[in-house]
Amino acid sequence: MGFTLTSQDYVNYLNIVHKKIYENGDYISSLDAATGDGDHWSNMNMGLENLTAAGDELKSMPIDAAFKKIGMIMMSKIGGSSGILYGGAYMAASKVISGKNSIDSQDLCNALEAMVNDMIQRGKAEPGMKTMIDALYPAVKAYKDALASQTDDRQTMLLVKQAAIDGAEATRNMEAVKGRASYQLNKGVGNLDPGAVTMSYQIECLCDYIIDNLISQ
Amino acid sequence: MKKIINNPNNVVSEMLEGLAKANPAVKYSGAGVEVISRKEKKQNKVGIISGGGSGHEPAHAGYVGFGMLDAAVAGNVFASPSPDRILEGIKEADSGQGVLMVIKNYSGDIMNFQMASELAEMEGIRTASVVVKDDVAVPDSTYSTGRRGIAGTVFVHKIAGAAAEQGKTLEEVKDLAQKTIDNIRSMGMAMTPCILPAVGKAGFELKEDEIEIGMGIHGEPGITRQNMISAQELADKLLSRILEDYDYTGSEVAVMVNGLGGTPLMELYILFNEVEKILADKGIKIYRSFVGNYMTSLEMAGCSVTLLKLDDELKGYLDYPSMAPGFRV
Numbered sequence: 001m002g003f004t005l006t007s008q009d010y011v012n013y014l015n016i017v018h019k020k021i022y023e024n025g026d027y028i029s030s031l032d033a034a035t036g037d038g039d040h041w042s043n044m045n046m047g048l049e050n051l052t053a054a055g056d057e058l059k060s061m062p063i064d065a066a067f068k069k070i071g072m073i074m075m076s077k078i079g080g081s082s083g084i085l086y087g088g089a090y091m092a093a094s095k096v097i098s099g100k101n102s103i104d105s106q107d108l109c110n111a112l113e114a115m116v117n118d119m120i121q122r123g124k125a126e127p128g129m130k131t132m133i134d135a136l137y138p139a140v141k142a143y144k145d146a147l148a149s150q151t152d153d154r155q156t157m158l159l160v161k162q163a164a165i166d167g168a169e170a171t172r173n174m175e176a177v178k179g180r181a182s183y184q185l186n187k188g189v190g191n192l193d194p195g196a197v198t199m200s201y202q203i204e205c206l207c208d209y210i211i212d213n214l215i216s217q
Numbered sequence: 001m002k003k004i005i006n007n008p009n010n011v012v013s014e015m016l017e018g019l020a021k022a023n024p025a026v027k028y029s030g031a032g033v034e035v036i037s038r039k040e041k042k043q044n045k046v047g048i049i050s051g052g053g054s055g056h057e058p059a060h061a062g063y064v065g066f067g068m069l070d071a072a073v074a075g076n077v078f079a080s081p082s083p084d085r086i087l088e089g090i091k092e093a094d095s096g097q098g099v100l101m102v103i104k105n106y107s108g109d110i111m112n113f114q115m116a117s118e119l120a121e122m123e124g125i126r127t128a129s130v131v132v133k134d135d136v137a138v139p140d141s142t143y144s145t146g147r148r149g150i151a152g153t154v155f156v157h158k159i160a161g162a163a164a165e166q167g168k169t170l171e172e173v174k175d176l177a178q179k180t181i182d183n184i185r186s187m188g189m190a191m192t193p194c195i196l197p198a199v200g201k202a203g204f205e206l207k208e209d210e211i212e213i214g215m216g217i218h219g220e221p222g223i224t225r226q227n228m229i230s231a232q233e234l235a236d237k238l239l240s241r242i243l244e245d246y247d248y249t250g251s252e253v254a255v256m257v258n259g260l261g262g263t264p265l266m267e268l269y270i271l272f273n274e275v276e277k278i279l280a281d282k283g284i285k286i287y288r289s290f291v292g293n294y295m296t297s298l299e300m301a302g303c304s305v306t307l308l309k310l311d312d313e314l315k316g317y318l319d320y321p322s323m324a325p326g327f328r329v
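Chains as they are written, first to last, in my numbering: chain Y, 1 to 217; chain L, 1 to 329.
For the record, the hints were derived by calculation from the structure and aren't laboratory data. You may find that some hints are simply not true.
Said to hold, decoys possible - Listed next, the stretches of chain Y that the computed footprint assigns to chain L, with coverage defined by at least 3 CB atoms under 8 Å from CB atoms of chain L:
1. 73 to 79
2. 111 to 121
3. 178 to 191
Claimed, not checked - Taking lysine-lysine pairs in the DSBU-like style, the calculated list, with each CA pair at most 35 Å apart, reads:
4. Y:Lys95 with L:Lys91
5. Y:Lys69 with L:Lys201
6. Y:Lys124 with Y:Lys178
7. L:Lys91 with Y:Lys187
8. L:Lys207 with L:Lys3
9. Y:Lys59 with Y:Lys20
10. Y:Lys19 with L:Lys201
Using N, Cα and C, we set each Cβ at its ideal position, and we do this for glycine too.
When you get a sec, could you build the whole thing from the sequences and use the hints?
Here's what the structure looks like:
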């Protein structure tokens, strides 16, 4: 049991998720138009464009350094709230896998947990506030539960992915507390949070990549 | 989308390059950093910086100059600049007495400026910050993001800039900026949406005869949508909300009637004419008035009204000369 994720794998995954977010541009922008100011998609897309452009450099690095570099690129190229939240999260993840050339399933879970904790702390947000945390937090929880109960890798990835998708869907009925949706009279209730949706895309693509490429069928 | 641009991805850098060419007193850092700063630096003066998403011109780059900001940091359109950019702005503004950051109250700006100040501390530069939250369309709250920072921010630049120019310390300038913030209230409305260059179409729609009272400078939802009303009724509507929130009775004020980018000056002066009548009726004395485009929202049509309650101390700083291209006094 167990898989190994390298920088090369992570760059492959980034290419996949960039394609997914690029293709869903109109949909994400329409979610954002309902609750935000319409720039979430263009910011995320631009960030991922910069990451995939740096792919050759990233895949030549140990994974801890690659995560740090990804964080710096996200922070400086995206800007806004997403840039610093993703940037800070990747840098926090880089610290918990410090010294590793590649990572196993437990490391990945630790990295994702460090990410969500950094977002919670930096954004002064909690689960349930209609943000991207609402997709990542349940995914991390599902991941930890699956590892604790020694679930096999394939099933673990399916559980993590489903938790992220369900988490993003659950933002529909949440009231926004942070960010621009919080200015709406109805606090965005009835609309999905675009940041949670793009977060769930990332977790979904990562889990699918691991299932398709890193776990023996 | 009809815009005078070359490539939506380059609007911020090409704008700032143009701004610096048109204003020889400032310099542009170059693409990717997006900082406008004064060419001539006064030594041993508290530095004042501000910044935020682009699309609100002349905020903030147009407010760099003697008597106002030392540097302005631009993010992408409507998105906060990143900490590395803000750090460059802090370095440009620092002349040994520390740097005050004037931040508008948006989650992204707060987080990015906060991290930039930590980076600056590591480089031995002292910083302090104030957060402007003048938009009475939004309830103030410590739990949520709370009140937005809008056109009143320009008064904070003015007062803090003048105080720094006169040799006040970082703590003194910060206290004065905070005092200014405490005495400012603003309220706006929008008539048409704006189009982000990278998105290419409007993020929301308003019907032909419909306006939105309280809409934010990024098109954030306001309080109510209703049919267009007369300038007289609009002045009453915007001022009522401000005066319910803060008692300006019997005081002297600075007034700003601000256009959002797509509203002609003719209409702003008509609105000011009505604002003046209402204030006179209520015994609120206008000390100084500013009518124009100070904190815009791309091509959005609409306006905001800002009141700043003045005492002798604030009057002195308000009247102090400013050479910033966007706010000459």
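Legend entry - Given hint Lys178 of chain Y paired with Lys124 of chain Y - CA-CA distance at most 35 Å: At roughly 9 Å apart (the allowed maximum being 35 Å), Lys178 of chain Y and Lys124 of chain Y satisfy the hint.
Legend entry - Satisfaction of hint between Lys20 of chain Y and Lys59 of chain Y, Cα-Cα up to 35 Å: Status holds; Cα separation ~20 Å.
Legend entry - Verdict on chain L covering the segment 73 to 79 of chain Y, criterion of 3 CB contacts below 8 Å: holds (count 5)
Legend entry - Verdict on chain L covering the segment 178 to 191 of chain Y, where coverage means 3 or more residues with a C-beta closer than 8 Å: Holds, because 7 residues of the segment 178 to 191 of chain Y bring their Cβ atoms closer than 8 Å to Cβ atoms of chain L.
Legend entry - Restraint status (C-alpha distance of Lys91 of chain L to Lys187 of chain Y at most 35 Å): The given pair, whose Cα atoms are some 39 Å apart, is violated under the 35 Å limit.
Inset, instruction - Measure nothing beyond the straight line between the CA atoms of Lys95 of chain Y and Lys91 of chain L; if it is 35 Å or shorter, mark the hint as holding. - result: holds, 28 Å
Inset, instruction - Would you check the hint for Lys19 of chain Y and Lys201 of chain L, treating anything up to 35 Å between C-alpha atoms as holding? - result: holds, 22 Å
Legend entry - Pair hint outcome, Lys207 of chain L versus Lys3 of chain L [Cα-Cα no greater than 35 Å]: Holds: Lys207 of chain L and Lys3 of chain L sit about 22 Å apart, inside 35 Å.
Legend entry - Outcome, coverage hint (the segment 111 to 121 of chain Y, chain L; C-beta under 8 Å; three residues): Check failed, 0 qualifying residues.
Inset, instruction - Compare the distance between the alpha carbons of Lys69 of chain Y and Lys201 of chain L with 35 Å, and conclude whether the hinted pair is satisfied. - result: holds, 33 Å
This entry does not satisfy hints 2 and 7, going by the numbered hints stated previously.
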